[in-house]
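Engineer: Once you've looked at the hints, dock chains E and F against the given chain Z.
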Amino acid sequence: MSGLTSIAEMVRSGQVDAAEPAKAAVARLHEQNDGPQGLNAFLAALSNADVSVLEVPGDRGRLPGVPVAVKDNMATVGFPTTCGSKILEGYQSPYEATVVRRLRDEGAVIVGKTNLDEFAMGSSTENSAYGPVRNPHDPARVSGGSSGGSAAAVAAGIVSGALGSDTGGSVRQPASFCGVVGVKPTYGRVSRYGLVAFASSLDQVGMFGSTVADAAELLQVVAGHDPRDSTSVDRPVPDFSAERDLGAEGLVVGVPTEYFGEALEPGVQARCQAALDALEANGAQIREVSLPNTPYALAAYYVIATAEASSNLARFDGVRYGLRDSAGEDLGEMYERTRTAGFGPEVKRRILLGTFALTAGYHDQYYGRAQRARSLVSADFGTVFGGGVDILFTPTSPTVAFPLGERVRDPLQMYLADVFTVTANLAGLPAMSVPVGTSDGLPVGGQLIAPKWGEATLFRAAFALESALENGDLDE
Amino acid sequence: MAIEAGGRMSWELVIGLEVHVQLRTAEKLFCSDSTTFGAEPNSQVCPVCLGLPGALPVLNGEAVDLAIVAALGLACQIHEVSVFARKSYFYPDLPKGYQITQFSEPLATEGIVSVQSDGETRPIRIRRIHLEEDAGKSIHDRIPDGTAVDLNRTGTPLIEIVTEPDLRTPAQARTFLQELKRTLEYLDVSDCNMEEGSLRVDANVSLRADGSDVYGVKTEVKNLNSFSAVERSVVAEAKRQTEILDAGGEIVQETLLWDERDGTLRSMRSKEESHDYRYFPDPDLPPLRFDAERIRRLEAQLPELPAQRLTRLMEEHDLDGRDVEVLIASRSLADYFEALVTVVGEAKTAANWVKGPLLKEANRLQLPVEDLGIPPESFGELIGLVEDGTVSGSMGRKVLGQMVDSGKTAREIIETEGLSQVQDSDELNAWVDAVMEENSEEVERYRSGETRLMGYFVGQTMQKSQGRADPKALSALLRGRLDQ
Amino acid sequence: MSITREEILQIAVLARLRLTDPEAEDLSHDLSQILEYVDTLASLQVPEEEQLGMGPTAAPEREAGQIAPDPMAHPPTESAPDFRDGFFVVPSPPSLGGADDPGGSP
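Chains as they are written, first to last, in the working numbering: chain Z, 8 to 483; chain E, 493 to 976; chain F, 241 to 346.
Worth flagging that the hints you see were computed from the coordinates, not collected in a lab. These figures come from a predicted structure and were not determined experimentally. Each residue gets a CB set at the ideal place from its N, CA and C atoms; glycine is no exception. Possibly wrong hints are sitting among the right ones.
Cut-off 25 Å, straight-line C-alpha distance, at most; resulting in silico cross-link-like pairs (SDA-like, lysine to any residue) [said to hold, decoys possible]:
hint	chain 1	residue 1	chain 2	residue 2
1	E	K852	E	D705
2	Z	K93	F	R302
3	Z	K93	F	S283
4	E	K710	Z	T366
5	E	K673	E	K847
6	E	K847	E	R786
7	Z	K93	F	H314
8	Z	K93	F	A320
9	Z	K93	F	P321
10	Z	K93	F	E301
To give an idea of the interface, some chain Z residues facing chain F are shown, with a C-beta separation under 7 Å as derived from the structure [stated by the list, open to error]:
hint	residue
11	V84
12	Y137
13	G138
14	H232
15	P234
16	Y303
17	A306
18	V310
19	Y328
20	G339
21	M341
22	I358
23	L359
24	R376
25	R379
26	F409
Coverage of chain F stretches by chain Z, computed from C-beta distances (three or more under 8 Å per stretch; other residues unrestricted) [said to hold, decoys possible]:
hint	segment
27	256-262
28	265-276
29	302-315
30	319-330
Bound-form chain Z, shown alone:
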């Protein structure tokens, strides 16, 4: 399967008709996605008929004719934006997300919108109102979440790149479950305008790629200041792949003890250890470090994320768009009926938790404390990176992809799956998951975390890991 850049080159050079890659992608999509046994990775897509008459300019931008997929919580014109929820079933956004516009401006073809946990809340895509996404490596298992659809689309080879969103690990964890690359940029690197907000201070648009280069290419295209997003930072966009050739030589890799413990499945532990050994063999220095406030991170995350979410989801009220249940007698009943019918159980659970954390009586005890805990978590990273460490390496998830249905009835268990990924969101740091092998045939992801604005270092280490894997350095 060609990478994004090679497709672009083939189209640009005329080797391939501009619409051909999209046609092929759509054909693969319907073959693998549709039907009761299909992946269910896409909620909306171009049909084969649509794409057969599609006009694609062959000379536009960096990615002419390149098919990509977009998670269904980003506003698009043409496809509905459902956020995996009944409350937005069929909703047509009248405007597009900045990241979508930037992809289109560079010539990419958006073949469809991918399935997700409802409003990005979940770690398995089992919270989607439109059914879960099957893991391409094992259809009886989850693809991870919340960006499960985008991860599966790339893992199945339907597209070489896809956009997702990452609030507490929603790009990295499904990337690790599906054996693809998944990146979450520094907070403020990529515009959130048009990304339906879950937790505003944690959300970032993320990207999936079959290879590290694919993920880097997507980030290169969508990154940069957006005046329509007051939280995007006005900072020049560097060449994220500039340090690729430096390899692992001289890289100081920190390994936080708090991320390696009993919670880890042995197979995950083994693959991560092998990854570290491979980096070392290629010239990296491995150093044990500590992020002592890690145990508080998950608790802080769940308070902050749910508090912000409870507020961000208040706009879904049946007044101006989306579902409205008008069976009741007055406005109050309309609000209640609409929101009760429209939101799934996990979303309700989080709205209630978040609302509670912000109530006058508990605000300081929960929301206030969580925000202050957040600065402690950030400070830990600051100390470590300030002490000569270039990059951190951890497992992305304690386990490999779990069976469908296994965790649905235990919300707390589900939340614990995010334990390694939430810290990067709390601190706003760039992080990514890179495949580091398999365990019992299921993909394992290794997580890299870099200092703020350190995407170049992040990709340097990722490229190094990727070539080590290709060279067989990670084999036992």
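Structural biologist: For chains E and F alone, coordinates are given in the frame of chain Z:
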């Protein structure tokens, strides 16, 4: 103000005001839609103010400048860092389900407005000024089976001005509002038009035993559409609370709606007694930060405030302070006066004409001077015609009234109706002849020493001439005739 | 900390959600469990100073005319559940005059 009742407890009335003022910006607070009043419903909306999924707020710098200017004009402490917060509640004209406002860290605090009350100057403290976005409009009586919502107004920049409970009488509340409005108009930050909704007032009313320093339970009065409504509703609420307290009851904290038509208050108590707005800092907006330099720059460019204008006009034109106070009662009047001085070339004359005849016309029609249809140039023309003797002063005042009613110029009216002053001795003598004949007794009395009857003869002749006789020429002539 | 069924129902009102009794029961159990986990934060020595902000340090400000309103592919009315004569239409609130809020009066 102490409210006596039945000779027992004496209650002190305590009033605080919350004033919402729309800032006169081109664009909304967090998006670029126009803020023009009166547009087609739902035509000035975009993803941001519609609260569409994925939309984000971007702050309007002009609104921040105007808020700083307002805070400077009200002598506030301005905070170089302030924070936007979300205030959550559900209502159809609040698209996001929260309002972006400022809560624990507002733009400004601790200001003062001076109010004249019973010959004294009372300082009324401003507790805080903060920026927030306006909601849309919910119209309940337009559609029989529902409520119609227009979101044009959603996102319009507001400043909320909250006073300390320093007002003690309904009249003080009214005077405070007039002074606040005047200051904000002078600063050019808002149209301050209660009819169009660019200025809205809620009153907080409580009573406490005379001499006590503990505040009583306060109620909130809303739906006030004019300053006099504020005054009257406060009177009504004070009365209501007095009756309850005198009977030994307790005041319940609640919100009351003022009904303008029948002058009554209606409780708005709903199922949810108290609102939990769950304020928290808006994660979509970093803190508002500006430096002392920006404040200095705005201060240097501050439009002239009433107190400064008073001093300047007194000095520049050698006018009496009390006269100038009348002339600067509103910004538009002060501007009018100054424009008139330029046309007429002499301040005292202009001042007399504005203070007297022009304001009289304005009161007669219940309109501000700039809406009388008499621009300074036209008024100046009339004044010139009186100064050069074409018409008498009293005729000039009549002509002014006709100018207002007909829209014609002074010259047109004087010519059409032949109102110019008569100095011609033949015409004057003819009138004097008639008057002397009809008043022969008085003539005798004058000639036997009652010279103060001159005034009487002047008056009679003026009447006879229908006001057209030139008073100076007439006096000279009469003296000549009567002294014979 | 544990949340009772009654507290859950009160919070549900704030969030405009209607819960059946079994749902309220389950949720009070779920949330109590989560809150017990979250209560680990209580033992943390937290700093009193200003929190870490994400993104730019200061709110960017736009000038008039700097950013155009995002042109919409179709008018907002098309997605509206009930739109008549230029207005979004909703059922009337239980008590008129914006009973629950400050924004209700024009």
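Engineer: What hints, given by number in increasing order, does this structure fail?
Structural biologist: 1, 2, 3, 6, 10, 12, 13, 14 and 26
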